[in-house]
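Number of protein chains: 2
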Amino acid sequence: MALKLYLEAINKEIAEHKYGNHPQELYDPLEYIMSLGGKRLRPALTLMSANLWLYNWQKAVKPALAVEVFHNFTLMHDDIMDQAPIRRGQATVHEKWDTNTAILSGDVMLVAAYELLAEVEDANFKHVIKRFNRTAAEVCEGQQLDMMFASKENVSKEEYIEMIRLKTSVLLGFALELGAIVAGADQESVDLLYSIGVNLGLGFQVKDDILDVYGEQAKVGKQIGGDIIENKKTWLMIDALEKAEEFGVVKELNTWLQKETFDNTEKVTAVKAIFDTIGVKQDAEQAMHGYFNLAFDSLKKLNVSEDKKQVIRSFAEDLLNREH
Amino acid sequence: MALKLYLEAINKEIAEHKYGNHPQELYDPLEYIMSLGGKRLRPALTLMSANLWLYNWQKAVKPALAVEVFHNFTLMHDDIMDQAPIRRGQATVHEKWDTNTAILSGDVMLVAAYELLAEVEDANFKHVIKRFNRTAAEVCEGQQLDMMFASKENVSKEEYIEMIRLKTSVLLGFALELGAIVAGADQESVDLLYSIGVNLGLGFQVKDDILDVYGEQAKVGKQIGGDIIENKKTWLMIDALEKAEEFGVVKELNTWLQKETFDNTEKVTAVKAIFDTIGVKQDAEQAMHGYFNLAFDSLKKLNVSEDKKQVIRSFAEDLLNREH
Numbered sequence: 001m002a003l004k005l006y007l008e009a010i011n012k013e014i015a016e017h018k019y020g021n022h023p024q025e026l027y028d029p030l031e032y033i034m035s036l037g038g039k040r041l042r043p044a045l046t047l048m049s050a051n052l053w054l055y056n057w058q059k060a061v062k063p064a065l066a067v068e069v070f071h072n073f074t075l076m077h078d079d080i081m082d083q084a085p086i087r088r089g090q091a092t093v094h095e096k097w098d099t100n101t102a103i104l105s106g107d108v109m110l111v112a113a114y115e116l117l118a119e120v121e122d123a124n125f126k127h128v129i130k131r132f133n134r135t136a137a138e139v140c141e142g143q144q145l146d147m148m149f150a151s152k153e154n155v156s157k158e159e160y161i162e163m164i165r166l167k168t169s170v171l172l173g174f175a176l177e178l179g180a181i182v183a184g185a186d187q188e189s190v191d192l193l194y195s196i197g198v199n200l201g202l203g204f205q206v207k208d209d210i211l212d213v214y215g216e217q218a219k220v221g222k223q224i225g226g227d228i229i230e231n232k233k234t235w236l237m238i239d240a241l242e243k244a245e246e247f248g249v250v251k252e253l254n255t256w257l258q259k260e261t262f263d264n265t266e267k268v269t270a271v272k273a274i275f276d277t278i279g280v281k282q283d284a285e286q287a288m289h290g291y292f293n294l295a296f297d298s299l300k301k302l303n304v305s306e307d308k309k310q311v312i313r314s315f316a317e318d319l320l321n322r323e324h
Numbered sequence: 001m002a003l004k005l006y007l008e009a010i011n012k013e014i015a016e017h018k019y020g021n022h023p024q025e026l027y028d029p030l031e032y033i034m035s036l037g038g039k040r041l042r043p044a045l046t047l048m049s050a051n052l053w054l055y056n057w058q059k060a061v062k063p064a065l066a067v068e069v070f071h072n073f074t075l076m077h078d079d080i081m082d083q084a085p086i087r088r089g090q091a092t093v094h095e096k097w098d099t100n101t102a103i104l105s106g107d108v109m110l111v112a113a114y115e116l117l118a119e120v121e122d123a124n125f126k127h128v129i130k131r132f133n134r135t136a137a138e139v140c141e142g143q144q145l146d147m148m149f150a151s152k153e154n155v156s157k158e159e160y161i162e163m164i165r166l167k168t169s170v171l172l173g174f175a176l177e178l179g180a181i182v183a184g185a186d187q188e189s190v191d192l193l194y195s196i197g198v199n200l201g202l203g204f205q206v207k208d209d210i211l212d213v214y215g216e217q218a219k220v221g222k223q224i225g226g227d228i229i230e231n232k233k234t235w236l237m238i239d240a241l242e243k244a245e246e247f248g249v250v251k252e253l254n255t256w257l258q259k260e261t262f263d264n265t266e267k268v269t270a271v272k273a274i275f276d277t278i279g280v281k282q283d284a285e286q287a288m289h290g291y292f293n294l295a296f297d298s299l300k301k302l303n304v305s306e307d308k309k310q311v312i313r314s315f316a317e318d319l320l321n322r323e324h
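Protein sequences, first through last, are from chains W and A. For the record, in the first sequence the residue sitting at position 302 is 302 according to my numbering, with numbers rising by one throughout. For the record, in the second sequence the residue sitting at position 253 is 253 according to my numbering, with numbers rising by one throughout.
Bound conformation, chain W alone (with noise of 0.2 Å):
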């Protein structure tokens, strides 16, 4: 099946869906955020995985919809918690509408996400809900601990690792995996799909972390560098502290992060001919290859047919090979 008509199912269910009108002022911002696109990558993994097994994977559609609320609902919150102005080139439902609006919408959003789950049939329902509520929570740590590295000193790797493993890659897992237990598969496969879902998300925010420094910027549509800018502690960030005595580069890289008026070109290119020097960009890529490889080692072991296994293949060759 092509990813194609997962995308139309998606759009189609996230275009029809109701989810609520009593009143209508709470559930408009839904619809709004809803609206704003996306990549619809969570539920587009659901329908692939629930499809390795079943002919009939239009009766994943709407929970595989539920991955899509929680996640939007997690940038409705996100949003307020960052004060970010623009989401997805719009404005966000806090500056669109207030802070309070957003805080109530978003709690009925997480709602809504538990009501789309209750479409799994019975047999496997407590399973989802418990790894669904684990997921849930993670999430929420993982923002937690972002929060709280904005203002650490000192981040290690592991620690970033953990942080991004609970803030985005366990609901690609989560995904996946849904789509098994909806499907029916034995816990082999399903714990398979969730690790190819998590290594998948590791590797993709790796990949984030290096199109923000080395990608086009026609290509990725926004400012090249933004994170150096803003001293952000990525993957490319933490490796080059962490090696910047063994390459000399200690005091030059201080001086950028503690200067508080500068060029933004300038300290650009600057910290990214330091991150050059210590060889940056090629350890996070050996990083991210090593993330994405997990997850073809886990697409490898399950127990499917290789022509089955194609569209997941791909969908995760195009993760690692995208350019924005």
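Since the hints were derived computationally from the structure, they do not count as laboratory data. Not one of these hints is a red herring.
It does not matter which identical chain is used: a pair holds within one copy or between any two.
Derived pair list, reagent style DMTMM-like, types lysine to aspartate or glutamate, alpha-carbon separation capped at 20 Å: (1) Lys126 / Glu115; (2) Lys130 / Glu119; (3) Lys152 / Asp98; (4) Lys281 / Asp212; (5) Lys39 / Glu16; (6) Lys152 / Asp28; (7) Lys130 / Glu115; (8) Lys4 / Glu16.
Fit chain A to the given chain W structure using the hints.
Same frame as chain W, now just chain A:
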């Protein structure tokens, strides 16, 4: 079984339950708000209800705690929205920490309620989750209506009752319903218990509105007339506004509602005098008794022995006769 034993079991579970610790900073606000006390009405209702059929009512303790955790989640988020500095005599979470913490710890608290519900046995689990989903969404809907009413010109009694039904009463209904489902009761009994809870909730709220104006300060423990000072659209004020013309006090009432500076005691005394002219207290008491009577009627219809019903009847009578 005495109420005291239920409350002991709940307080023990609250003291011992571990929500998570990774990172502790995310979970500290949960433990804090749960430690602030409160009447624990809702989990007590769940245990009372379960004990109508179940000798071993202890198996309902974790589900009962889920209701209390959910209730405290709503308080944590409502306090942000209301900019409330104090909750149960202590600093609110967004004051003691900050707004971001109160948002995120609240989110994980909602998930924690679902985690506790996962203790319900498989046969009843989906029923419980579906009813909880609906209830949780309705509580958000009630909070949204409450916020909208603050700036709405005319609020009718029907609208007000619908708002408090959603914001407060359905959770009391669910608390009783949950105990019955966990105990494996028949659907007719489950529905009767829900109806008891909802009507107790409505009666409870009208009683609250009465006590705010007509309670004894020493017993109520807060300033009498707070709702009048803030022009809050309570059951009493709505009744007064509806009948003001009939009693020729429209101008007088509006003068007090529109005054921007006033002496608090003077306003409370004057508005109370208008209420007395109209007979607002009698109207409110009649409405309150109406709801309590509906609850007692449903209790009468319930097919369990009289001595088992007694704990719920006494509990309801205590709510009806309370002076604070």
